[in-house]
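What follows is each chain in one-letter form.
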Amino acid sequence: MTRLAALLVLWVAATLAVAASPAAAQPEITIVHTPPTDAVLGQQVYIAAILTGATAATVEWRNSSMAADAVAPMTNLSQPDAGGWVYAAYLPAQATPTQIVYAVNASDAGGSARESYFFSVSAPTDAGLTPADQGVWVLTMIASLSAVSSTIAVLYMYTGRRIGREGR
Amino acid sequence: MVDPRVIHSITIEMCTGFLLLAGAAVFVKVVSDWWMRNLRGKAARLDRWAMAASRFAEPASYFALVAGVLATFLSIVTGSLAWSFEDLAASGIVHNKVLITSVSQAMFIGAVVLRARYRFEIWMNRGTGGFYAVLVLGGDALMTLQNSVAGHLAGKGSLLDEVLHALNIDTHPMWVFPVWASVVIAVGFPVAAAFVGLRLRGMSRRARAAATDAA
Chain A
1 MTRLAALLVL WVAATLAVAA SPAAAQPEIT IVHTPPTDAV LGQQVYIAAI LTGATAATVE
61 WRNSSMAADA VAPMTNLSQP DAGGWVYAAY LPAQATPTQI VYAVNASDAG GSARESYFFS
121 VSAPTDAGLT PADQGVWVLT MIASLSAVSS TIAVLYMYTG RRIGREGR
Chain B
169 MVDPRVIHSI TIEMCTGFLL LAGAAVFVKV VSDWWMRNLR GKAARLDRWA MAASRFAEPA
229 SYFALVAGVL ATFLSIVTGS LAWSFEDLAA SGIVHNKVLI TSVSQAMFIG AVVLRARYRF
289 EIWMNRGTGG FYAVLVLGGD ALMTLQNSVA GHLAGKGSLL DEVLHALNID THPMWVFPVW
349 ASVVIAVGFP VAAAFVGLRL RGMSRRARAA ATDAA
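In the order they appear, the protein sequences are chains A and B. Residue 101 in the working numbering sits at position 101 of the first sequence; the count goes up by one each step and never skips. Position in the second sequence (from 1) plus 168 gives the number in the working numbering.
Just so you know, these hints were derived from the structure itself, not from any lab. Misleading hints may appear alongside valid ones.
[What the hints assert, rightly or not] To give an idea of the interface, some chain B residues facing chain A are shown, with a C-beta separation under 7 Å as derived from the structure:
{"#": "1", "residue": "Thr184"}
{"#": "2", "residue": "Gly278"}
{"#": "3", "residue": "Phe299"}
{"#": "4", "residue": "His333"}
{"#": "5", "residue": "His340"}
{"#": "6", "residue": "Pro341"}
{"#": "7", "residue": "Val347"}
{"#": "8", "residue": "Ile353"}
{"#": "9", "residue": "Ala354"}
{"#": "10", "residue": "Pro358"}
{"#": "11", "residue": "Val364"}
{"#": "12", "residue": "Thr380"}
We put the beta carbon where it would ideally sit given N, CA and C, even for glycine.
Throw the hints in and build the complete structure from the sequences for me.
Rendered as structure tokens:
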């Protein structure tokens, strides 16, 4: 009975300690963001996020050819939204079609939060493909199918020989 | 009127499901054959499981392969009806998708031809079974990549994006070989196949002659 009472006291004390700790009093940092879907070549990409409980934010990003992340600061637009504030940044225009992988990093004095996203930068559809591009692609298709069908033909002959030989 | 894209989605699910089932069944067959060749007698219960799995996996893989190839042709038709030709022709991503689909479909058709011609005997030799498995599983790998490209086409991204990014594979520019490489591959592979075929035929003739002499 004494042991049970001691455990009960310990549990109450631990609960009170956790509830009274400074970390529990900190507002949670949340990030609400939807990746852009209309990024095209040659245009900066606008990134906006609603941050709650944060005082500063950055975007760490990289495209397919970059070896390390680049960091862009996000600006507080002083625009309240959904209980938080809208932060925004522009990422540089891309010269070639690529995929951007990025993370929104929100922080305040007591902690930080991070969410990762990605989006694609594609050529505007009206640019289309030139007849020369189409020609090179057709040659690639012919070469690929030629390689696969030749390999299958060799497999066909090899299988026939192995099975025929072992069947005797 | 049902949106043609919905019908295309259904046919994609069909061909993907069948072909993944074919790949899974081939994988099970390879593992159970490996067990029976190398570890038979070590555990009686696993021996029984391996024999049962092998018996069911082989016909299941063949059925799924044939159904998957047919469903892929259906999917190609529904896909061409779902979007205008101008939209398809203008997109590099669509070209990548068509290229990968064509190569994987050629691999699956090759597997169907091999299995139809040599039946289950294809599994009775370690080498022929292994090559057949590589053909089916390689086709599955390309089909998975193709579905990832299709996710970008639909503007939804793909579960494989992190992996592709780590491997520095970008699905957005149109994938093409240099012209000289295409010409070398298009001519070189059939010539090499013909050379190997003649060598194999010569070896078979010599083996037959030696067997006749011995008899």
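Can you verify the interface hint for Gly278 of chain B: is its Cβ closer than 7 Å to any Cβ in chain A?
Gly278 of chain B check passes; min Cβ-Cβ to chain A is 3 Å, inside 7 Å.
Could you check if Val347 of chain B really has its C-beta closer than 7 Å to a C-beta on chain A?
6 Å, holds
How about Pro341 of chain B: closest beta carbon in chain A under 7 Å, or not?
At about 5 Å, which falls below the 7 Å cut-off, the nearest Cβ of chain A leaves the hint on Pro341 of chain B intact, so it holds.
Does Ala354 of chain B hold up as a contact with chain A if the rule is Cβ-Cβ below 7 Å?
4 Å, holds
Next item in the hint list is Pro358 of chain B. Is there a CB on chain A closer than 7 Å to its CB?
Holds: closest Cβ of chain A sits about 5 Å from Pro358 of chain B, inside 7 Å.
Does the CB of His333 of chain B sit less than 7 Å away from some CB of chain A?
With a closest approach of 6 Å, the His333 of chain B hint holds.
Next item in the hint list is Ile353 of chain B. Is there a CB on chain A closer than 7 Å to its CB?
4 Å, holds
How about Phe299 of chain B: closest beta carbon in chain A under 7 Å, or not?
For Phe299 of chain B, the interface hint holds, since the closest Cβ of chain A sits about 5 Å away, which is under 7 Å.
Hint check: 7 Å Cβ-Cβ cutoff, His340 of chain B to chain A
Since the shortest Cβ distance to chain A is 4 Å, the answer is holds.
Have a go at the Thr380 of chain B hint: is there a Cβ in chain A nearer than 7 Å to its own Cβ?
Result: violated, 11 Å to nearest chain A Cβ.
Hint check: 7 Å Cβ-Cβ cutoff, Val364 of chain B to chain A
Since chain A brings a Cβ to about 5 Å from Val364 of chain B, closer than 7 Å, the hint holds.
Restraint check, 7 Å cut-off on beta carbons, for Thr184 of chain B near chain A
20 Å, violated
Checked against the numbered hints given earlier, the structure breaks hints 1, 12 and satisfies all the rest.
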